[in-house]
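Dock chain B against chain A, hints included.
Order-wise, the sequence lines are chains A and B.
Reminder that position 267 of the first sequence reads as 267 in my numbering, one-by-one numbering, no gaps.
Reminder that position 335 of the second sequence reads as 848 in my numbering, one-by-one numbering, no gaps.
No lab work stands behind these hints, which were simulated from the structure alone.
A portion of the hints provided could be inaccurate.
Stated by the list, open to error - Below, in silico cross-link-like pairs of lysine to aspartate or glutamate (EDC-like), each with a Cα-Cα straight-line distance of 20 Å or less: (1) K158/A / D298/A; (2) K108/A / E948/B; (3) K158/A / D871/B; (4) K108/A / D27/A; (5) K162/A / D872/B; (6) K355/A / E437/A; (7) K162/A / D871/B; (8) K162/A / E948/B.
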Amino acid sequence: MTIDQSILTLILLVPLAGAVLIALVPDKAKLPNWIALLTALATFGLTLHLPAHFVTGQSGFQFEFTRLWIENPAINYHVGVDGLSLWLVVLVGLLGPIGVLASWNTIKTRRKIYYSLFLVQQTAMYGVFISLDLMLYYGFWELSLVPMVILIAMYGRKDGPKAALKFFLFTFIPSAPLLVAILWLYSKTGSFDFSYVQVYIASGALPATALWWAALAFVVAFAVKVPMFPLHGWLADTFNEAPVAMAMVVAGKLGLYSMLRFHAGLFPAQALALAPVLMVLALIGIIYGACLALVQRDFFRLLAFGAVSHFSLVILAIYGLTLNGWNGAVYQILNLSIVEAAMFVLLGALESRYKTSQIESFGGLAARLPRTATYFVLASLAMIGLPLLSGFIGEFVILSSTFTGVSRSAAIIAAVGIILSAAYVLWLIQRLFYGPESSMAISKTASDLSFGELAALTPLVILMLVMGVAPSLWFNTIQSAPRPPRNTSFGFTVERVATIFKVSGSSGKEAQR
Amino acid sequence: MNPVPDIYRILPEVILTLTGVAVMLIDATLPPGMSRRYLGFVAAIGATIAIWASVWQLSLPEGTGFFGTVETSNFTVFFHVLICGIVLVALLLSLDTLPQDSHHQGEFYALIVFGAVGMCLMTSAIELLLVFIALEISSISTYILAGYRKHVARGPEAALKYFLLGSFATAFLLYGIALIFGATGTTEIYKIAHAVPGAQNQILVVASLALILVGILFKVSAAPFHVWTPDVYEGAPTPVVALLSTAPKAAAFALLIRVVYEVFPTLRSLWSPLLWGVAVLSMFVGNLAALRQQNVKRMMAYSSIAHAGYLIAAFAGAPEIGIPAAAFYTAAYAAMNVGIFAIITLVSGYDENLPLIDDYRGLLYRSPFLGSMLIFFLVSLIGIPFTGGFFGKFYSFTSAVSGGAIALALIGLLNSGIAAAYYLRLVLTAAQRPESDAVVAPSSRVGVTALAALAFTAAATLMLGIVPNAVLRAAQSGAQTLQAPVPEPTANPGAATATPGQPPIQ
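So here's chain A without its partners, still in its complex pose (with noise of 0.2 Å):
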């Protein structure tokens, strides 16, 4: 076997084994922090060696293994990533030192049982995007909310237990009809694979009518997990409640990448014929989140609104069905996910500083708290699409792909989301940071942002600014992902995009080839 074909499992495994590894040492002197950094850095590493080998430019799946796991019904353990989910690999990886460096002095009870299942959940969304069995795929999609439950529960910041059970409740039930629809197709197709069955769609072998319901579940499904307008219920709530290290994980890009892998992509036609409906939900969902994110009073609410009107914008991408809007919706992900994260650190910071996350209660802190401030600044141009950031490649490409060659108004919409999304931003900034000092700000003093908050944020903020400069690094091999059903191409396409902000940093990668 090469290391081309174990790289994903080994990417599966490691996690899993620090997993067991902290289970069996004992809770002492941070031992179970280091052990899950450690870990988390060298899965990190084995994730690096996807990009660097990807051959660009080639469709379909790379570092494939195959083998049979369950024998009758054959399920098959097969893995591989595409252009669609390598970077997505690579982000999980990333994310994963980071949430646990933004853990270290948060949790400090139980950090055996936290970190164990900090990596369990590593793992399980590792497998969700490399997963090329359906069955395989449903095994980890339902093994992700495991650790986040029970992790919510424990560490939830006033009423853990019921935010843990409105989380799972929400997410799990729409995942029965998922697994029925997943039967279903393989009553009639014989096979649980990702490829075949996605072949056996197109060749219109199955009946119309079931396969509508079918891909309904799966978009149900998937809207829940993102969330999307009107099925976002449980996300304020389990953001106000997680840990940090979780709630950075727990919303979007799980649901994001499947729906473009297995809704539009399983059922083009299908998604085709629902994308109207999906998209004016987004259009919903994004002036709808943007305008609650404004008048929340506690920040991880609002950040919680904010990420509705954000992910609906991404829907709005997968939904367009353009090429340009698919490539943009990646990029988007990876950006908000990166965004998003640096956004919880810094946020979680507060809290935890300060016990508390109700906005009134801050003001002028960037005279005390100089370094946090610059952070969050950076943080948030980069949420609202400030040039030169990476917000605004994903914004920009998503929005003038909507505009050129999907619908101009659901593009002018989506960007008065956008306008929306700087205010509320923006106003949030001004009301922790600026403005005169309120009474907490006096009466408790705390320190800057710690050792390790930095370390995890820094990285986080140098990749905005490379990915805001340098697009053309990850849309290289981005570009190699499948192609939405309706592919046409339309005057403006990403290749300028690149070309505007080319950078020498493509050429490695096409001299390779």
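Chain B alone, transformed into the frame defined by chain A:
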């Protein structure tokens, strides 16, 4: 080929009987003041040898013994190993948790072993009177075991309830056997199967099917014959409940498969919808009632009713593919359920100082090991992938779907959603930060044998979720050794031994 000595056909039962007798004799000869704890080890060793003997039976040619009253086949071996495994774990658990000063420890271990004899015999008997005797052997032991906490009022109450209702149900079974004897003139399962289509009085046959079903469904605690379950589980000592909720059910389920599939194949249009209804009713009654329980053991009792429903659902939809699914489910359910009752025993103790769900608050903080194990087993009961519970449900619903009972699968999945709510309630309570230290801490000492019991069940649960192929193959080959239903009377009798439904694996 030399004929196999009859004694080999019942070797595990013989070993278990000898073990039980030995335990009782040693108990009687030991001086009164001496600890009887080591008798448990004797019983455990006996159960281990019985497992080995069951596996050894695979090397025998399939066939019957004792004038066609018992048989050995892959099917019987599967259930023998399962039942003896459960008994072994229950013994290990009791070794650590039974109070040292309790009276009649020797009898306790002997009764468990004698119960196992009955359960094993239930799965291998192919003569209805022997089935009845086996059922009585297992029932009488469990009646006594259920009332073992004599100093608590609930103990004898549980035993009495179980005994009265159980005897009533057994009487139904006996009436059923009498009627079918009246209709066909025989009590041998395979002969009945051939005689049923030509029976003069079909009403007698139908009545007999109904009566036998009542008796068996009582034992698997399927609704509407479930009312005894919560009270008995609450009153019986927890290690006994670990046994009671799994081993007799596995045996009764094997019997159910035999009776409906081998004895009454021609009445399929009758029992298939009946079982369908029982499955749906059990799932709803069990899950909805469990939602409202405050006592952990009562909650698990209702959960076991719901699980009986899932089990029957696997079988009701499509018997041919449902039998391996149901057999696998029995194994997965046994592993996780025994595991969870082991945890309950260790947390609340033999005397149950902490019986309520609220008493589990902060278990994960107070005792990370027990807390994590509790959550692990509950996660499996919810049916999260990579645990045995997932594949159990997966196969159960897959067989329902491929048998055309999509409605049954959907109802089942809806029910796993409901079930998730109450399992999760316990998970979340255990994960919650404790409010104060006022809650009594569980005894942190977990003995070696209890640890072995936990390790055994956890490993089995994990194995069934990650590498289930071996057990699945065993379940499938077991299902294939069941005699095929008799085809239409006009068909060639030689076809009767052909494998039903599915193609052979090899």
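Tested hints:
no.	hint	in the structure
1	K158/A / D298/A	holds, 13 Å
2	K108/A / E948/B	holds, 17 Å
3	K158/A / D871/B	holds, 18 Å
4	K108/A / D27/A	holds, 11 Å
5	K162/A / D872/B	holds, 18 Å
6	K355/A / E437/A	holds, 17 Å
7	K162/A / D871/B	holds, 15 Å
8	K162/A / E948/B	holds, 16 Å
Checked against the numbered hints above, the structure breaks none of them.
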